[in-house]
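Residues per chain, in single letters:
Number of protein chains: 2
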Amino acid sequence: MTKTEITEAHRAYIACLNRQDWERIHEHVADRVTYNGAVIGVHGYRKMLVEDFRAIPDLAFNIALLVCDPPVIASRLIFDCTPKDVLFGLPVNGKRVRFEENVFYQYQQGKIAAVWSIIDKAAVAAQL
Amino acid sequence: MTKTEITEAHRAYIACLNRQDWERIHEHVADRVTYNGAVIGVHGYRKMLVEDFRAIPDLAFNIALLVCDPPVIASRLIFDCTPKDVLFGLPVNGKRVRFEENVFYQYQQGKIAAVWSIIDKAAVAAQL
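Protein chains in written order, with UniProt numbering: chain A, 1 to 128; chain B, 1 to 128.
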C-alpha cells in the first residue's frame, strides 16, 4: 500500500470507530490482528472497542498527528471525554478528562495487522 | 530535511543519549525544544535526561520501530533496565523492569524541535 492509500484507509478506520459501526470493523482490521504483541483477533479488537464506548459514552477519536511511513502509520490521538465510572482501574465517575494515546498501526493487505499502543493513563490519574 | 537525513540524524541522537554525551546534546536538540507541549528548552531537556540516567544507571534507548514522515519521526523505544530506587513515583528499588515509550519527534533545521512522548508507566507498576 502507498502512503496515500494507508492514510486514507486509516481515516476511514477512525471514522468507522467514531460512528461505532461495529459491523464494518472487519473491513479495517485483519482477522489475526495483534495488540501490543498479543494476538487478540478482530473479535477481541471489536470487543475491546465496544467496552471502551460502554465505559465512555461520549468517546471520540481525534487525530492530533498522523505520520505515515508504509507499511506503518503512527498517530497521536487526543481524547476529551467523560467516562461514566471506572476507566483504567481509576474511579473517574463522570468527571471530564483529557488524555492522549501514541499508537502505531501496521497495515497488511489493506487492513490493520498489528497495533502498538500506549495510553497516557497517568494523565487521567493526575486529573482525579 | 529528507527522510534519510532525519532518520540518520535520529540514530545519531539516540547514540548520543546512549553514550551520555551531554556536551553534544545541543547538536541534536533545538534551543527552544518543547516536550508534550511545554517549552523546556535544551537545558531542561538535558537535565531531564541526566536525571533519567541517575535514576536508572543501566538505562539504554533501544529502537523497536522507526517511522519517518518528514518533518516527524515516530519511534517505539524499549527499555529493559534496573532503576535504583524510585521511577515515575514507583518504588522500583533495583528490580529489573521492561517498559515501552511511543514518541514523536518533530525536526526543524536539523534538530529536534518538538517531542510528544508517552511512557508506559502502568507497565512498570504492573511489574512491581
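Just so you know, not all the hints are guaranteed correct.
Claimed, not checked - Just so you have them, the derived chain B footprint on chain A, three or more residues with Cβ under 8 Å:
1) 24-31
2) 45-58
3) 69-78
Claimed, not checked - Pairs of lysine to aspartate or glutamate residues, derived as EDC-like cross-links and limited to a Cα-Cα distance of at most 16 Å, are as follows:
4) A:Lys121 x B:Glu101
5) A:Lys3 x B:Asp69
6) B:Lys121 x A:Asp69
7) B:Lys3 x A:Asp31
Hints in this document: simulated from the structure, not taken from any laboratory.
Beta carbons are placed, not taken as given, at the ideal position from N, Cα and C, and that holds for glycine.
Now for the hints, and whether the structure bears them out:
1. Using a Cβ-Cβ cut-off of 8 Å, 0 residues of the region 24-31 of chain A lie near chain B, which falls short of the minimum of three, so the contact claim is violated.
2. Against chain B, the region 45-58 of chain A contributes 0 residues with a C-beta closer than 8 Å to a partner C-beta. That does not satisfy the three-residue criterion, and the hint is violated.
3. Figure legend: the region 69-78 of chain A, annotated as covered by chain B; annotation consistent (5 residues with Cβ-Cβ distances under 8 Å, at least 3 required).
4. Between Lys121 (chain A) and Glu101 (chain B), the direct Cα distance comes to roughly 13 Å. Compliance with the 16 Å bound is thereby established for this hinted pair.
5. For the hint pairing Lys3 (chain A) with Asp69 (chain B), the CA-to-CA distance comes to about 10 Å; that is within 16 Å, so the pair holds.
6. A hinted pair counts as satisfied when its Cα atoms are at most 16 Å apart, and Lys121 (chain B) with Asp69 (chain A) does not qualify at roughly 27 Å.
7. In summary, the hint linking Lys3 (chain B) to Asp31 (chain A) is not supported, as the alpha carbons are separated by about 32 Å, beyond the 16 Å threshold.
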